[in-house]
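Whole structure, please, built from the sequences with the hints as guidance.
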Amino acid sequence: MIHLSMDLEKTKTFLLEILKMNAEPKSLDWLALQKEKIGEDTSYMKFYLAFGMASRYFKKNLMDLSETKIQKAKTLVEGFSPESWDQLQTARSYLLLHFGIADASAWVDAINKLFETADMHEQQSLYAALPLMPFREEMVERAVEGLRTNIASVFDAIALDNPYPSQYMEERAWNQMVLKAVFMQRPLYRIQGADKRANPTLAKILVDFAHERWAAGRKVMPELWRFVGPYLDIQNFGDIEKVIHSSDPLEKNAALLACHQSGFVPANSLLKQFPKVQREIQQGELTWEKIGREFENLSRPQ
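According to the numbering used here, the sequence shown holds residues 5 to 306 in order.
Simulated from the structure, these hints should not be mistaken for lab results. Each hint should be verified, as a subset may be incorrect.
[To be verified] In silico DMTMM-like pairs for lysine to aspartate or glutamate, Cα to Cα no more than 20 Å straight-line:
| hint | residue 1 | residue 2 |
| --- | --- | --- |
| 1 | Lys76 | Asp90 |
| 2 | Lys14 | Glu87 |
| 3 | Lys276 | Glu245 |
[As the list claims (entries may be wrong)] Have a look at the derived ranges for each label pair, beta carbon to beta carbon:
| hint | residue 1 | residue 2 | range |
| --- | --- | --- | --- |
| 4 | Ser70 | Ala156 | 22 to 30 Å |
| 5 | Phe241 | Ser70 | 45 to 53 Å |
| 6 | Asp11 | Leu37 | 22 to 30 Å |
| 7 | Ile74 | Thr121 | 26 to 34 Å |
| 8 | Gln239 | Glu175 | 15 to 23 Å |
| 9 | Glu44 | Lys208 | 48 to 56 Å |
| 10 | Ala156 | Lys78 | 21 to 29 Å |
Using N, Cα and C, we set each Cβ at its ideal position, and we do this for glycine too.
Laid out in C-alpha coordinates, this is it:
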(Lines of atoms letter the chains of each structure in order from A and count residues from 1; the text may use other names and numbers.)
(Lines give C-alpha, C1' and ligand atoms only; values in the text may rest on other atoms or scores of the structure.)
Protein backbone atom coordinates (compact mmCIF):
# COMPACT_ATOMS: atom_id res chain seq x y z
CA MET A 1 0.00 0.00 0.00
CA ILE A 2 2.90 2.40 0.72
CA HIS A 3 4.35 1.78 -2.74
CA LEU A 4 0.93 2.33 -4.33
CA SER A 5 0.51 5.57 -2.38
CA MET A 6 3.91 6.80 -3.58
CA ASP A 7 2.97 6.01 -7.18
CA LEU A 8 -0.28 7.93 -6.82
CA GLU A 9 1.49 10.98 -5.42
CA LYS A 10 3.99 11.00 -8.27
CA THR A 11 1.20 10.66 -10.81
CA LYS A 12 -0.79 13.50 -9.22
CA THR A 13 2.29 15.71 -9.36
CA PHE A 14 2.89 14.82 -12.99
CA LEU A 15 -0.71 15.53 -14.05
CA LEU A 16 -0.58 18.92 -12.35
CA GLU A 17 2.75 19.68 -14.05
CA ILE A 18 1.41 19.08 -17.53
CA LEU A 19 -1.83 20.92 -16.76
CA LYS A 20 0.19 23.98 -15.71
CA MET A 21 1.84 23.88 -19.13
CA ASN A 22 -1.50 23.75 -20.97
CA ALA A 23 -4.38 25.24 -18.94
CA GLU A 24 -5.27 28.79 -17.95
CA PRO A 25 -4.35 30.11 -14.46
CA LYS A 26 -7.98 30.61 -13.42
CA SER A 27 -8.72 26.99 -14.32
CA LEU A 28 -5.78 25.80 -12.23
CA ASP A 29 -6.98 27.94 -9.29
CA TRP A 30 -10.38 26.25 -9.50
CA LEU A 31 -8.71 22.82 -9.65
CA ALA A 32 -6.65 23.54 -6.52
CA LEU A 33 -9.79 24.59 -4.63
CA GLN A 34 -11.67 21.44 -5.69
CA LYS A 35 -8.75 19.27 -4.63
CA GLU A 36 -8.99 20.69 -1.12
CA LYS A 37 -12.77 20.28 -0.98
CA ILE A 38 -12.56 16.67 -2.11
CA GLY A 39 -9.93 15.93 0.52
CA GLU A 40 -12.09 17.38 3.31
CA ASP A 41 -15.33 15.69 2.21
CA THR A 42 -16.33 12.40 3.85
CA SER A 43 -19.03 11.74 1.24
CA TYR A 44 -18.72 11.43 -2.53
CA MET A 45 -20.70 14.54 -3.47
CA LYS A 46 -17.92 17.13 -3.76
CA PHE A 47 -15.92 14.77 -5.98
CA TYR A 48 -18.94 14.04 -8.18
CA LEU A 49 -19.75 17.74 -8.51
CA ALA A 50 -16.17 18.73 -9.30
CA PHE A 51 -15.83 15.93 -11.85
CA GLY A 52 -18.90 17.20 -13.71
CA MET A 53 -18.10 20.92 -13.37
CA ALA A 54 -14.57 20.52 -14.74
CA SER A 55 -15.95 21.01 -18.26
CA ARG A 56 -16.61 24.67 -17.39
CA TYR A 57 -12.95 25.30 -16.65
CA PHE A 58 -10.94 23.04 -18.96
CA LYS A 59 -10.97 22.66 -22.74
CA LYS A 60 -11.07 19.56 -24.89
CA ASN A 61 -7.84 20.59 -26.59
CA LEU A 62 -5.19 17.88 -26.83
CA MET A 63 -2.35 18.22 -24.36
CA ASP A 64 0.80 19.77 -25.81
CA LEU A 65 3.60 17.67 -24.32
CA SER A 66 7.34 17.59 -24.82
CA GLU A 67 9.06 14.29 -25.56
CA THR A 68 10.59 14.50 -22.08
CA LYS A 69 7.14 14.59 -20.47
CA ILE A 70 5.89 11.74 -22.67
CA GLN A 71 8.80 9.57 -21.57
CA LYS A 72 8.39 10.58 -17.93
CA ALA A 73 4.76 9.39 -18.05
CA LYS A 74 5.96 5.90 -18.96
CA THR A 75 8.26 5.80 -15.93
CA LEU A 76 5.26 6.46 -13.67
CA VAL A 77 2.93 3.85 -15.15
CA GLU A 78 4.14 1.41 -17.79
CA GLY A 79 2.51 2.27 -21.10
CA PHE A 80 0.88 5.49 -19.88
CA SER A 81 0.35 7.68 -23.00
CA PRO A 82 -1.06 11.09 -22.02
CA GLU A 83 -0.22 12.60 -25.43
CA SER A 84 -3.62 11.37 -26.64
CA TRP A 85 -5.40 13.05 -23.69
CA ASP A 86 -7.09 16.44 -23.68
CA GLN A 87 -6.99 19.09 -20.95
CA LEU A 88 -10.41 18.20 -19.58
CA GLN A 89 -9.77 14.49 -19.11
CA THR A 90 -6.38 15.27 -17.56
CA ALA A 91 -8.04 17.57 -15.02
CA ARG A 92 -10.70 14.96 -14.30
CA SER A 93 -8.05 12.31 -13.77
CA TYR A 94 -6.25 14.64 -11.36
CA LEU A 95 -9.48 15.03 -9.37
CA LEU A 96 -10.05 11.28 -9.48
CA LEU A 97 -6.68 10.60 -7.89
CA HIS A 98 -7.54 12.96 -5.02
CA PHE A 99 -10.75 11.11 -4.28
CA GLY A 100 -10.20 9.59 -0.82
CA ILE A 101 -9.13 5.94 -0.63
CA ALA A 102 -11.00 4.13 2.13
CA ASP A 103 -11.11 0.53 1.03
CA ALA A 104 -11.37 -1.19 -2.32
CA SER A 105 -15.07 -2.07 -2.21
CA ALA A 106 -16.17 1.42 -1.15
CA TRP A 107 -13.95 3.11 -3.71
CA VAL A 108 -15.05 0.82 -6.56
CA ASP A 109 -18.70 1.29 -5.61
CA ALA A 110 -18.35 5.06 -5.75
CA ILE A 111 -16.53 5.03 -9.10
CA ASN A 112 -19.05 2.60 -10.60
CA LYS A 113 -21.86 4.97 -9.65
CA LEU A 114 -19.99 7.74 -11.45
CA PHE A 115 -19.60 5.53 -14.53
CA GLU A 116 -23.33 4.84 -14.57
CA THR A 117 -24.29 8.52 -14.65
CA ALA A 118 -21.37 9.81 -16.74
CA ASP A 119 -21.82 11.36 -20.16
CA MET A 120 -19.74 10.25 -23.14
CA HIS A 121 -16.70 12.43 -22.44
CA GLU A 122 -16.80 11.66 -18.71
CA GLN A 123 -16.79 7.93 -19.50
CA GLN A 124 -13.92 8.47 -21.92
CA SER A 125 -11.94 10.19 -19.16
CA LEU A 126 -12.67 7.47 -16.62
CA TYR A 127 -11.76 4.57 -18.91
CA ALA A 128 -8.55 6.24 -20.08
CA ALA A 129 -7.58 6.71 -16.42
CA LEU A 130 -7.94 3.00 -15.56
CA PRO A 131 -4.15 2.40 -15.44
CA LEU A 132 -3.78 5.26 -12.95
CA MET A 133 -6.50 4.17 -10.54
CA PRO A 134 -5.58 2.91 -7.06
CA PHE A 135 -7.63 -0.32 -7.21
CA ARG A 136 -6.93 -1.38 -10.77
CA GLU A 137 -7.58 -5.11 -10.49
CA GLU A 138 -11.03 -4.44 -9.03
CA MET A 139 -11.98 -2.41 -12.14
CA VAL A 140 -11.61 -5.22 -14.69
CA GLU A 141 -15.33 -6.01 -14.76
CA ARG A 142 -16.14 -2.36 -15.42
CA ALA A 143 -13.56 -2.22 -18.23
CA VAL A 144 -15.02 -5.32 -19.88
CA GLU A 145 -18.50 -3.82 -19.58
CA GLY A 146 -17.24 -0.64 -21.23
CA LEU A 147 -16.04 -2.55 -24.28
CA ARG A 148 -19.66 -3.34 -25.15
CA THR A 149 -20.20 0.25 -26.24
CA ASN A 150 -20.71 1.20 -29.88
CA ILE A 151 -19.38 4.71 -29.24
CA ALA A 152 -15.95 4.76 -30.85
CA SER A 153 -14.43 7.39 -28.54
CA VAL A 154 -15.43 5.43 -25.42
CA PHE A 155 -14.23 2.12 -26.88
CA ASP A 156 -10.95 3.76 -27.92
CA ALA A 157 -10.38 5.09 -24.39
CA ILE A 158 -10.16 1.49 -23.18
CA ALA A 159 -8.67 -0.30 -26.18
CA LEU A 160 -6.21 2.21 -27.64
CA ASP A 161 -3.11 3.83 -26.14
CA ASN A 162 -4.06 2.20 -22.85
CA PRO A 163 -1.90 -0.39 -21.05
CA TYR A 164 -4.79 -1.56 -18.88
CA PRO A 165 -6.32 -4.30 -21.12
CA SER A 166 -3.04 -6.10 -21.80
CA GLN A 167 -2.06 -5.96 -18.13
CA TYR A 168 -5.34 -6.95 -16.46
CA MET A 169 -7.82 -8.59 -18.84
CA GLU A 170 -8.16 -12.34 -19.13
CA GLU A 171 -7.68 -13.93 -22.53
CA ARG A 172 -11.36 -14.18 -23.44
CA ALA A 173 -12.02 -10.49 -22.74
CA TRP A 174 -8.81 -9.50 -24.53
CA ASN A 175 -9.77 -11.53 -27.61
CA GLN A 176 -13.26 -10.02 -27.70
CA MET A 177 -11.74 -6.54 -27.49
CA VAL A 178 -9.39 -7.15 -30.42
CA LEU A 179 -12.17 -8.71 -32.52
CA LYS A 180 -14.43 -5.74 -31.87
CA ALA A 181 -11.60 -3.35 -32.72
CA VAL A 182 -11.25 -5.16 -36.05
CA PHE A 183 -15.01 -5.07 -36.62
CA MET A 184 -15.11 -1.33 -35.82
CA GLN A 185 -12.04 -0.71 -38.01
CA ARG A 186 -10.10 0.90 -35.18
CA PRO A 187 -6.32 1.45 -35.57
CA LEU A 188 -4.93 -1.80 -34.16
CA TYR A 189 -1.35 -0.50 -34.01
CA ARG A 190 -2.44 1.61 -31.03
CA ILE A 191 -3.44 -1.46 -28.97
CA GLN A 192 -0.72 -1.86 -26.35
CA GLY A 193 0.69 -5.31 -25.71
CA ALA A 194 -0.60 -6.62 -29.06
CA ASP A 195 2.27 -9.04 -29.67
CA LYS A 196 2.61 -10.09 -26.03
CA ARG A 197 -1.07 -11.02 -25.79
CA ALA A 198 -1.41 -12.73 -29.19
CA ASN A 199 -2.75 -16.26 -28.75
CA PRO A 200 -3.88 -19.19 -30.94
CA THR A 201 -7.55 -18.80 -30.01
CA LEU A 202 -7.54 -15.19 -31.18
CA ALA A 203 -5.74 -16.17 -34.39
CA LYS A 204 -8.46 -18.70 -35.20
CA ILE A 205 -11.23 -16.21 -34.37
CA LEU A 206 -9.72 -13.63 -36.72
CA VAL A 207 -9.16 -16.12 -39.54
CA ASP A 208 -12.83 -17.14 -39.26
CA PHE A 209 -13.77 -13.45 -39.34
CA ALA A 210 -11.67 -12.98 -42.49
CA HIS A 211 -13.48 -15.88 -44.16
CA GLU A 212 -16.84 -14.26 -43.36
CA ARG A 213 -15.70 -10.94 -44.82
CA TRP A 214 -14.40 -12.57 -47.98
CA ALA A 215 -17.60 -14.58 -48.38
CA ALA A 216 -19.53 -11.30 -48.27
CA GLY A 217 -17.24 -9.80 -50.90
CA ARG A 218 -15.53 -7.47 -48.44
CA LYS A 219 -11.91 -6.77 -47.61
CA VAL A 220 -10.08 -7.49 -44.36
CA MET A 221 -8.06 -4.76 -42.64
CA PRO A 222 -4.34 -5.55 -43.11
CA GLU A 223 -3.45 -5.27 -39.42
CA LEU A 224 -5.58 -8.32 -38.63
CA TRP A 225 -2.75 -10.59 -39.78
CA ARG A 226 -0.50 -9.32 -37.01
CA PHE A 227 -2.41 -11.53 -34.58
CA VAL A 228 -2.32 -14.52 -36.93
CA GLY A 229 1.34 -14.48 -37.95
CA PRO A 230 2.78 -16.21 -34.86
CA TYR A 231 0.26 -19.05 -35.31
CA LEU A 232 0.52 -19.77 -39.01
CA ASP A 233 0.17 -23.48 -39.75
CA ILE A 234 -0.96 -25.85 -42.46
CA GLN A 235 -4.61 -25.00 -41.82
CA ASN A 236 -4.42 -21.23 -42.29
CA PHE A 237 -1.37 -20.87 -44.53
CA GLY A 238 -3.58 -20.82 -47.61
CA ASP A 239 -5.22 -17.64 -46.27
CA ILE A 240 -1.86 -15.87 -46.04
CA GLU A 241 -0.97 -17.02 -49.56
CA LYS A 242 -4.26 -15.54 -50.77
CA VAL A 243 -3.51 -12.17 -49.16
CA ILE A 244 0.06 -12.12 -50.48
CA HIS A 245 -1.30 -12.43 -54.01
CA SER A 246 -3.71 -9.55 -53.41
CA SER A 247 -3.56 -6.56 -55.75
CA ASP A 248 -3.51 -4.31 -52.66
CA PRO A 249 0.16 -3.63 -51.73
CA LEU A 250 -0.74 -2.85 -48.11
CA GLU A 251 -2.48 -6.21 -47.68
CA LYS A 252 0.43 -7.95 -49.38
CA ASN A 253 2.99 -6.30 -47.07
CA ALA A 254 0.90 -7.19 -44.01
CA ALA A 255 0.81 -10.85 -45.02
CA LEU A 256 4.57 -10.89 -45.58
CA LEU A 257 5.15 -9.23 -42.22
CA ALA A 258 2.98 -11.96 -40.67
CA CYS A 259 5.22 -14.53 -42.35
CA HIS A 260 8.23 -12.83 -40.75
CA GLN A 261 6.59 -13.31 -37.33
CA SER A 262 6.06 -16.99 -37.98
CA GLY A 263 8.16 -20.02 -37.16
CA PHE A 264 6.28 -22.01 -39.83
CA VAL A 265 8.85 -23.09 -42.45
CA PRO A 266 6.60 -22.62 -45.54
CA ALA A 267 5.86 -19.05 -44.37
CA ASN A 268 9.56 -18.28 -44.02
CA SER A 269 10.22 -19.76 -47.47
CA LEU A 270 7.43 -17.68 -48.98
CA LEU A 271 8.86 -14.48 -47.48
CA LYS A 272 12.23 -15.20 -49.10
CA GLN A 273 10.55 -14.97 -52.50
CA PHE A 274 10.12 -11.23 -51.83
CA PRO A 275 13.69 -10.12 -50.93
CA LYS A 276 12.94 -6.38 -51.17
CA VAL A 277 10.11 -6.60 -48.63
CA GLN A 278 12.10 -8.98 -46.44
CA ARG A 279 14.95 -6.47 -46.37
CA GLU A 280 12.57 -3.63 -45.43
CA ILE A 281 11.24 -5.74 -42.56
CA GLN A 282 14.71 -6.65 -41.31
CA GLN A 283 15.82 -3.00 -41.45
CA GLY A 284 12.76 -1.83 -39.52
CA GLU A 285 11.35 0.10 -42.47
CA LEU A 286 8.21 -2.01 -42.70
CA THR A 287 6.42 -2.36 -39.34
CA TRP A 288 2.90 -2.92 -38.08
CA GLU A 289 2.73 0.70 -37.01
CA LYS A 290 3.63 1.85 -40.53
CA ILE A 291 0.99 -0.44 -42.03
CA GLY A 292 -1.57 0.69 -39.47
CA ARG A 293 -0.93 4.38 -40.08
CA GLU A 294 -1.14 3.96 -43.85
CA PHE A 295 -4.40 2.03 -43.59
CA GLU A 296 -5.78 4.62 -41.18
CA ASN A 297 -4.96 7.45 -43.62
CA LEU A 298 -6.51 5.57 -46.54
CA SER A 299 -9.68 4.85 -44.52
CA ARG A 300 -10.29 8.48 -43.51
CA PRO A 301 -13.22 10.15 -45.26
CA GLN A 302 -11.93 12.52 -47.92
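Okay, the hints, checked on the actual structure:
Restraint check: the Cα-Cα separation between Lys76 and Asp90 comes to about 18 Å, which is no more than 20 Å; the hinted pair holds. Taking the CA atoms of Lys14 and Glu87, the gap is about 18 Å. The hint holds against a cut of 20 Å. A hinted pair counts as satisfied when its Cα atoms are at most 20 Å apart, and Lys276 with Glu245 qualifies at roughly 13 Å. Between Ser70 and Ala156 the CB atoms are about 29 Å apart, so this pair conforms to the stated range of 22 to 30 Å.
Checked against the hint of 45 to 53 Å, the pair Phe241 and Ser70 passes, with Cβ atoms roughly 46 Å apart. Our hint of 22 to 30 Å for Asp11 and Leu37 holds, since their Cβ atoms are close to 25 Å apart. Distance hint check for Ile74 and Thr121: the Cβ-Cβ separation is about 32 Å, which falls inside the suggested range of 26 to 34 Å. A hinted range of 15 to 23 Å holds for the C-beta pair Gln239 and Glu175, which are about 20 Å apart.
Between Glu44 and Lys208 the C-beta distance comes to about 54 Å, which sits within the given range of 48 to 56 Å. For Ala156 paired with Lys78, a C-beta distance near 25 Å keeps the hint of 21 to 29 Å intact.
Hint compliance for this structure: no hint is broken.
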